[in-house]
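Sequence order for the protein chains is A and B.
Reading the first sequence from the start, the letters are residues 1 to 128 in the working numbering.
Reading the second sequence from the start, the letters are residues 1 to 241 in the working numbering.
Do not rely on the hints blindly, as some may be mistaken.
Said to hold, decoys possible - Simulated crosslink set (BS3-like; lysine-lysine; CA at most 25 Å straight-line):
id, chain 1, residue 1, chain 2, residue 2
1, B, K8, B, K216
2, B, K216, B, K165
3, A, K117, B, K8
4, B, K234, B, K7
5, B, K31, B, K7
6, A, K122, B, K7
7, A, K104, B, K31
8, B, K165, B, K194
9, B, K216, A, K126
10, A, K126, B, K8
11, B, K8, B, K194
12, B, K8, B, K173
13, B, K7, B, K203
14, B, K216, B, K203
15, B, K7, A, K104
16, B, K7, B, K50
17, A, K122, B, K50
18, A, K104, A, K117
19, B, K203, B, K31
20, B, K7, B, K216
21, B, K216, B, K173
22, B, K31, B, K165
23, B, K216, A, K117
24, B, K8, A, K122
25, B, K8, A, K104
26, A, K117, B, K234
27, A, K127, B, K50
28, A, K122, B, K31
29, B, K8, B, K196
30, B, K194, B, K173
31, B, K50, B, K203
32, B, K50, B, K31
33, A, K104, A, K40
34, A, K127, A, K117
35, B, K165, B, K203
36, B, K173, B, K7
37, B, K8, B, K31
38, B, K196, B, K173
In case anyone wonders, no lab produced these hints; they're calculated from the structure.
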Amino acid sequence: MIDFLVFSGSIPARTQTFAIVVSGGLFLLIVYLIRSGRLKEGYSLIWFFIALATVALSVFSGLLDVFARFIGIAYVPAALFLVLLGGVYLLGIHFSLLLNRYDKRIRQLAQEHAILKEQIAKLLDKKL
Amino acid sequence: MAINIQKKICIIVPAYNEEGFLAEVVGDIRKYCPEAQIVVVNDASSDSTKLVAWSQRVPVLDLPTNLGIGGAMQTGFLYAVRNGFDVAMQVDADGQHDPRFIPVLLEALGERGADMVIGSRFLERVGYRASFMRLFGIRFFAWLIGMMTNRRVYDATSGYRAYNKEALNFVAKYYPSDFPEPESIVIMLRNGFKIKEVPVVMKHRQAGTSSVRPLKGTYFVVSNAVAIIISAFKRRLRSSL
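Sequences and hints are given; from them, build the entire structure.
This is how it looks when you write it as structure tokens:
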């Protein structure tokens with residue numbers, strides 16, 4: 001009984017099948033991108049776990065029921081949106097951090113570039 | 001032979017599309033502070049700022065991409081640190097910072113035990129007439145900085161500044177990028193630097209356009225205020241206090 005609940009929950013079988021197919025497809029896409037080296041280590045981990053979590057939630061869709069009941073959400077799909085929103089929120093922060101880091105690196109590179117150019121100009125000037 | 005114990009002074013002139021007055025500003029700096037080394041930071045201008053600077057025979061730090069006033073100034077600070085300067089100054093290329101006051105700022109830096117000296121428009125009521133909104137913004141920053149640091153800084157948005165060696169080393173490492181003037185004051189105060197203000201008379205912008213446009217004024221005030229508040233809570237960056 002418990003097993004049955006965890007596997008299907010209150011979501012209709014057709015919806016669950018659709019969710020499994022879509023999340024499975026996304027998972028394969030992530031694995032493919034990591035394998036082909038297009039998704040670099042830093043991001044691959046975060047996406048890998050997101051994909052894994054989506055697959056797990058659609059296979060064991062009853063988990064969503066358990067989670068919804070636990071935090072007191074009556075309408076189960078709403079719990080799904082909560083999880084998704086939370087994930088997107090965290091991803092947003094993650095990308096902001098990355099942007100900040102790259103912004104700093106670009107600034108440093110540009111500054112070094114300008115200083116080096118001045119040094120070269122000075123050296124060439126001396127030579128002439 | 002007299003040993004030269006004079007301090008090496010670097011005057012940083014950040015320039016973004018300032019072909020109009022750059023030559024005159026460089027000339028005036030030479031007139032009022034002939035012993036200083038001038039360096040122009042060209043912040044990826046689209047006009048002939050770079051050529052004008054070259055024609056003045058001063059070193060040009062030519063940024064490959066526009067970094068904004070904070071990033072441009074920091075480039076100048078880095079240059080000054082690496083070339084062993086003892087004092088650095090910022091003099092804007094638009095003619096607003098009258099080079100006549102350079103010796104006044106330098107003197108205050110040497111005599112009054114300050115790490116940074118700001119040329120302030122509001123210690124004496126002469127010259128510069130700010131619009132009501134601008135005045136409100138500047139007063140507001142002064143009040144906010146006072147709240148956050150318990151220190152009074154009258155002209156927080158003035159970029160007319162001189163730094164001693166210690167302050168220079170610090171700003172070369174840590175200088176905010178977007179609207180750096182008020183924020184850098186809070187950061188420096190929090191890290192134990194002493195800031196003094198001396199009255200200067202500023203001219204109205206002679207060329208170029210202000211980086212603070214009327215429509216963006218509100219954005220400027222809000223983001224500066226946020227930066228001031230946040231930087232007041234940031235971790236201290238200098239350990240030896």
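Evaluation of the provided hints:
Between K8/B and K216/B, the direct Cα distance comes to roughly 38 Å. Violation of the 25 Å bound is thereby established for this hinted pair. Distance check on the hinted pair: K216/B and K165/B sit about 35 Å apart at the alpha-carbon level, beyond 25 Å; violated. For the given pair, K117/A sits about 22 Å from K8/B by alpha-carbon distance, which is consistent with the 25 Å threshold. Proximity of K234/B to K7/B is assessed by CA-CA distance (about 33 Å); at most 25 Å being required, the pair is judged violated.
Pair hint K31/B plus K7/B holds up; C-alpha atoms about 18 Å apart against a cutoff of 25 Å. With a C-alpha separation of about 23 Å, the suggested pairing of K122/A with K7/B holds against the 25 Å cut-off. Distance restraint check for K104/A and K31/B: the Cα-Cα separation of roughly 37 Å exceeds the 25 Å cut-off, and the hinted pair is therefore not satisfied. For the hint pairing K165/B with K194/B, the CA-to-CA distance comes to about 13 Å; that is within 25 Å, so the pair holds.
Proposed proximity of K216/B and K126/A is contradicted: the alpha carbons are some 46 Å apart, above 25 Å. Between K126/A and K8/B the alpha-carbon distance is near 22 Å, which keeps this suggested pair within the 25 Å criterion. Between K8/B and K194/B the alpha-carbon distance is near 21 Å, which keeps this suggested pair within the 25 Å criterion. In summary, the hint linking K8/B to K173/B is supported, as the alpha carbons are separated by about 20 Å, within the 25 Å threshold.
As the CA atoms of K7/B and K203/B are separated by approximately 28 Å, the hinted pair breaks the 25 Å bound. Distance restraint check for K216/B and K203/B: the Cα-Cα separation of roughly 22 Å lies within the 25 Å cut-off, and the hinted pair is therefore satisfied. Between K7/B and K104/A, the direct Cα distance comes to roughly 32 Å. Violation of the 25 Å bound is thereby established for this hinted pair. The suggested pairing of K7/B with K50/B is violated, with an alpha-carbon distance near 28 Å, which exceeds 25 Å.
For the suggested pair K122/A and K50/B, the alpha carbons sit about 15 Å apart, so the restraint of at most 25 Å is met. For the proposed pair K104/A and K117/A, the alpha carbon gap of about 20 Å is at most 25 Å, so the pair holds. In summary, the hint linking K203/B to K31/B is supported, as the alpha carbons are separated by about 18 Å, within the 25 Å threshold. For the given pair, K7/B sits about 40 Å from K216/B by alpha-carbon distance, which is inconsistent with the 25 Å threshold.
For the proposed pair K216/B and K173/B, the alpha carbon gap of about 29 Å is over 25 Å, so the pair is violated. This hinted pair checks out: K31/B and K165/B have alpha carbons roughly 24 Å apart, not beyond 25 Å. The straight-line distance between the Cα atoms of K216/B and K117/A is roughly 34 Å, outside the 25 Å bound, and the hint therefore fails. Taken as a hint, the K8/B and K122/A pair is honoured in the structure, with Cα atoms around 19 Å apart against an allowance of 25 Å.
For the given pair, K8/B sits about 29 Å from K104/A by alpha-carbon distance, which is inconsistent with the 25 Å threshold. For the suggested pair K117/A and K234/B, the alpha carbons sit about 34 Å apart, so the restraint of at most 25 Å is broken. Taking the CA atoms of K127/A and K50/B, the gap is about 22 Å. The hint holds against a cut of 25 Å. Taking the CA atoms of K122/A and K31/B, the gap is near 24 Å; set against the 25 Å cutoff, the hint holds.
Between K8/B and K196/B, the direct Cα distance comes to roughly 21 Å. Compliance with the 25 Å bound is thereby established for this hinted pair. A C-alpha spacing of about 18 Å is found between K194/B and K173/B, which places the hinted pair at or below 25 Å, so the restraint holds. Taking the CA atoms of K50/B and K203/B, the gap is near 24 Å; set against the 25 Å cutoff, the hint holds. Restraint check: the Cα-Cα separation between K50/B and K31/B comes to about 21 Å, which is no more than 25 Å; the hinted pair holds.
The straight-line distance between the Cα atoms of K104/A and K40/A is roughly 20 Å, inside the 25 Å bound, and the hint therefore holds. For the given pair, K127/A sits about 15 Å from K117/A by alpha-carbon distance, which is consistent with the 25 Å threshold. Between K165/B and K203/B, the direct Cα distance comes to roughly 28 Å. Violation of the 25 Å bound is thereby established for this hinted pair. Restraint check for K173/B and K7/B: the C-alpha separation of about 22 Å stays at or below 25 Å, so the hint holds.
Pair hint K8/B plus K31/B holds up; C-alpha atoms about 17 Å apart against a cutoff of 25 Å. For a cut-off of 25 Å, the pair hint linking K196/B to K173/B stands: about 21 Å separates their Cα positions.
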